[in-house]
Amino acid sequence: MASSTAGLVGEDNNMSFSVSVKSRGDNAYIVYPEGSLNSDTAPGFERQIDEVIAQQPHLMVLDLEKLNYISSAGIRVLLKAKKDMKAIDGKVSFMHLQPPVRKVFDIINALPSLSIFASIQEMDDYLDAMQQQVGGGQTLDD
Numbered sequence: 007m008a009s010s011t012a013g014l015v016g017e018d019n020n021m022s023f024s025v026s027v028k029s030r031g032d033n034a035y036i037v038y039p040e041g042s043l044n045s046d047t048a049p050g051f052e053r054q055i056d057e058v059i060a061q062q063p064h065l066m067v068l069d070l071e072k073l074n075y076i077s078s079a080g081i082r083v084l085l086k087a088k089k090d091m092k093a094i095d096g097k098v099s100f101m102h103l104q105p106p107v108r109k110v111f112d113i114i115n116a117l118p119s120l121s122i123f124a125s126i127q128e129m130d131d132y133l134d135a136m137q138q139q140v141g142g143g144q145t146l147d148d
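Residues 7 to 148 in our numbering are what the sequence shown lists, from first letter to last.
Don't take every hint at face value.
What the hints assert, rightly or not - Calculated pairs, SDA-like style, for lysine to any residue (alpha carbon to alpha carbon, straight line, at most 25 Å):
id	residue 1	residue 2
1	K86	N74
2	K92	S78
3	K109	A124
Keep in mind the hints are simulated off the structure, nothing from the lab. Predicted model only: the values in this text are computed from it and were never measured.
With the sequences and hints as input, model every part of the structure.
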């Protein structure tokens with residue numbers, strides 16, 4: 007699963023949703039949801055997340071830059087992903103939260119237990135440090 011793109015996984019009154027996934031080395035994936043994550047689109051998103059988790063990555067980063075809406079169904083998928091990743095000794099992190107989505111996270115008080123990256127560079131620095139700890143000393147290339 008080096009790189010994949012899922013087209014439309016749900017549609018709700020002019021609100022569409024799509025997901026793309028990119029591999030960042032052997033043990034890390036970036037998931038790019040776009041649009042509105044709601045009760046109509048959450049099942050398709052969950053299938054995409056489950057496919058990533060099936061690869062047993064050490065890290066799954068959700069880049070939420072193009073996610074403009076999230077409902078409780080979307081939050082449920084994210085919390086399930088966190089639980090499933092923990093079960094395989096993996097970690098879920100988030101980056102580029104847009105103000106409406108960040109507000110939802112703030113409201114449910116989910117942020118303190120989750121890692122959020124400000125940019126791809128900050129995530130790459132984290133991944134490099136994580137790889138150094140594993141002992142390989144290798145860095146991830148773009």
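We went through each hint and held it up to the structure:
As the CA atoms of K86 and N74 are separated by approximately 20 Å, the hinted pair is consistent with the 25 Å bound. With a C-alpha separation of about 21 Å, the suggested pair K92 and S78 falls inside the 25 Å cut-off, and the hint holds. With a CA separation close to 16 Å, the supplied pair K109 and A124 stays within the 25 Å bound.
Violation of the numbered hints given earlier is absent; every hint is satisfied by the structure.
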